[in-house]
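Quick note, the sequence shown lines up with residues 1 to 567 if you use the numbering used here.
Because the hints were derived from the structure by calculation, they are not lab data.
Glycine residues also receive a C-beta, built at the ideal position from the N, C-alpha and C atoms.
You may find that some hints are simply not true.
Said to hold, decoys possible - Derived DEER-like restraints, expressed as beta-carbon distance ranges:
1. D455 - S535: 16 to 26 Å
2. P319 - N200: 38 to 48 Å
3. T285 - N200: 28 to 38 Å
4. M274 - A304: 17 to 27 Å
5. K340 - R216: 17 to 27 Å
6. K458 - V324: 52 to 62 Å
7. D366 - K54: 33 to 43 Å
8. G303 - M274: 17 to 27 Å
9. L149 - N408: 38 to 48 Å
10. S535 - S326: 31 to 41 Å
11. P319 - N418: 47 to 57 Å
12. S535 - K222: 25 to 35 Å
What the hints assert, rightly or not - With a cut-off of at most 27 Å between alpha-carbon atoms, the simulated DSSO-like pairs for lysine-lysine come out as follows:
13. K411 - K343
14. K49 - K343
15. K513 - K354
16. K354 - K411
17. K343 - K54
18. K343 - K354
19. K343 - K325
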Amino acid sequence: MRTVNKITMLLMSTALFGACTKFENREIYVDKPQSIIDQEARDEYDVLKSYVNKGNQANFKLGAEVSLGDLGSNSLLYRLLSEHFDELTLTAGTFNHNNIVQADGSVVLENLETVFTANSTTPLHGGHLVWHQNQQSTYLNRLIADIVLPGVSGVDNVVDFEGDALGTTYRTTTSDATATVVNDPVAAGNSGKVLHILKNPSTAFPQFRITLPDGRKLKYYKNVTIDFKGDGCCGFYGAGMRMAITADYGNPSLIGYGGPSSFGIPINAWGRGMITMPIAALNLTEAQKEWNSFVLTLGSQTGAPDYLIDNVKMNYEIPGETIVKSAEEKRHILTAELDKYIKAVSEVAKNKVKSWSVVYQPIDNDNPTQLRKHPGGTLPANTFYWQDYLGKDYAAVAINMIKQYANNDDKIFITETNLDEFPDKINGLKDLITYTEQRGARVDGIATEFALNLDADKSKIETALERLASTGKLIKISALDIGIGGPITIATPSLYLQQSSMYNWFIKAYNNKIPAAQRAGITFRSPVDQLETSSWRPNEPVGIFTNKSGYQRKDAYVGIVEAFQGK
Numbered sequence: 001m002r003t004v005n006k007i008t009m010l011l012m013s014t015a016l017f018g019a020c021t022k023f024e025n026r027e028i029y030v031d032k033p034q035s036i037i038d039q040e041a042r043d044e045y046d047v048l049k050s051y052v053n054k055g056n057q058a059n060f061k062l063g064a065e066v067s068l069g070d071l072g073s074n075s076l077l078y079r080l081l082s083e084h085f086d087e088l089t090l091t092a093g094t095f096n097h098n099n100i101v102q103a104d105g106s107v108v109l110e111n112l113e114t115v116f117t118a119n120s121t122t123p124l125h126g127g128h129l130v131w132h133q134n135q136q137s138t139y140l141n142r143l144i145a146d147i148v149l150p151g152v153s154g155v156d157n158v159v160d161f162e163g164d165a166l167g168t169t170y171r172t173t174t175s176d177a178t179a180t181v182v183n184d185p186v187a188a189g190n191s192g193k194v195l196h197i198l199k200n201p202s203t204a205f206p207q208f209r210i211t212l213p214d215g216r217k218l219k220y221y222k223n224v225t226i227d228f229k230g231d232g233c234c235g236f237y238g239a240g241m242r243m244a245i246t247a248d249y250g251n252p253s254l255i256g257y258g259g260p261s262s263f264g265i266p267i268n269a270w271g272r273g274m275i276t277m278p279i280a281a282l283n284l285t286e287a288q289k290e291w292n293s294f295v296l297t298l299g300s301q302t303g304a305p306d307y308l309i310d311n312v313k314m315n316y317e318i319p320g321e322t323i324v325k326s327a328e329e330k331r332h333i334l335t336a337e338l339d340k341y342i343k344a345v346s347e348v349a350k351n352k353v354k355s356w357s358v359v360y361q362p363i364d365n366d367n368p369t370q371l372r373k374h375p376g377g378t379l380p381a382n383t384f385y386w387q388d389y390l391g392k393d394y395a396a397v398a399i400n401m402i403k404q405y406a407n408n409d410d411k412i413f414i415t416e417t418n419l420d421e422f423p424d425k426i427n428g429l430k431d432l433i434t435y436t437e438q439r440g441a442r443v444d445g446i447a448t449e450f451a452l453n454l455d456a457d458k459s460k461i462e463t464a465l466e467r468l469a470s471t472g473k474l475i476k477i478s479a480l481d482i483g484i485g486g487p488i489t490i491a492t493p494s495l496y497l498q499q500s501s502m503y504n505w506f507i508k509a510y511n512n513k514i515p516a517a518q519r520a521g522i523t524f525r526s527p528v529d530q531l532e533t534s535s536w537r538p539n540e541p542v543g544i545f546t547n548k549s550g551y552q553r554k555d556a557y558v559g560i561v562e563a564f565q566g567k
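Using the sequences and the accompanying hints, generate a full structural model.
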């Protein structure tokens, strides 16, 4: 039956007759709009949390999501939600790893510190901490990446004679030959000190004790290069250059190379760096290639040597190397990173946050007895699977960190989603929780989310609730919202009434399927209709309050109240 209220309006009209003013009262009766009547009826209800009977469900918390900005500014919306709800959940993303840990691994908490020191009294629920999305994945992957050492190349000038006194002699392969340090006799481009090799008749070769720089081994060296000067009779011509590498001095077998002229050196003139002799021709053993110190024998094979050499150089090429990190090393690194992150979040939030969603979406949709894991291929940005490296223990590790750094009596939840579509994941959750508790980390409950529309399959929802109840754990609906199947532009009074009915049905289904002692609460993800700019269900009227100034109560408000009243 339509209720019609009357509004009396007093109109004052003024007429001027001569010097007198006359007032005339007129009363006009009009109908009050039905929308105002309905709104007044909704406004007559008390705050939502007053309708929750805590007598037999002491763990039940009626909650709503709130943004960090609203909390920190003590906004009108924050004050409204604090009035209506027992607990507030910070919007998704507040505690995300990639918001707390920066690209360089540093921890930034300024925004959280400011907010959590504000004078807010409503207890908070925090999450999601350990997830595979919104992680600082580039940084984490860099930490556990194999160490790639790039290859290097260069030249070591192993003998240049500049540090020797004039007249210093070097060993030769025969005792009747000399190898003496002298000044370079060539005036033009004088190089300082050089080595003069002299023997007549027959031949001999100078020998040098070489010690390579620390960490270098003979196997990295490719060539020996020398400066050479000789005339036609006594070194320039002959059987060619010779070289050997041995452990000690002596008269070793030598390997032949081309003569000085074959390297393009002019007769009786310096050929600077023109003679290059590949070490590979020596056919060194694997043991010899590991040497860091050895004797180098080299020179020109000639019948009566009388020539000069200078700047004995060895060219090296050290190949790149990849140091592979073991699974245990990666586990150790990531455990420390998880500890850094959870410690930072816990210590800044522990005075306000009293329950946590520690692990979020751990179970694979397609293999519901298994943990989610890297699916292969290229992952989306900011995606990282902690469990791939920490193993099944990752939940216990994270929970124990929360207990250590936050409050030991905080409620701990593991959150999984889409349980109405993938109810078998509940078995996977039970297995994970059992495993986690066997490792000394108590899990108080399971949290789950429902993002529904008016046509949601109620039987699937009831099945999920029944199977959740069978776990024996606290069951928290950590994010509930119900849309009308489209944007706010299609909303009608009829659709809003259907939405109210659906909210009513869901709460009663939760109460019917979840035993009172296991009810941990219901949190409304979108207590206010979403704006066009929202990242979650943009422009959808999923709330129980409008998003207009004043946040008016919707029909959904009544449906929720009546559900708690058992109507």
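Checked hints:
no. : hint                    : verdict
1   : D455 - S535: 16 to 26 Å : holds (24 Å)
2   : P319 - N200: 38 to 48 Å : holds (45 Å)
3   : T285 - N200: 28 to 38 Å : holds (36 Å)
4   : M274 - A304: 17 to 27 Å : holds (23 Å)
5   : K340 - R216: 17 to 27 Å : violated (39 Å)
6   : K458 - V324: 52 to 62 Å : holds (53 Å)
7   : D366 - K54: 33 to 43 Å  : holds (40 Å)
8   : G303 - M274: 17 to 27 Å : holds (23 Å)
9   : L149 - N408: 38 to 48 Å : holds (46 Å)
10  : S535 - S326: 31 to 41 Å : holds (40 Å)
11  : P319 - N418: 47 to 57 Å : holds (50 Å)
12  : S535 - K222: 25 to 35 Å : violated (59 Å)
13  : K411 - K343             : holds (17 Å)
14  : K49 - K343              : violated (33 Å)
15  : K513 - K354             : holds (26 Å)
16  : K354 - K411             : holds (7 Å)
17  : K343 - K54              : violated (33 Å)
18  : K343 - K354             : holds (15 Å)
19  : K343 - K325             : holds (26 Å)
When the structure is compared with the earlier hints, violations turn up for hints 5, 12, 14 and 17 and for no others.
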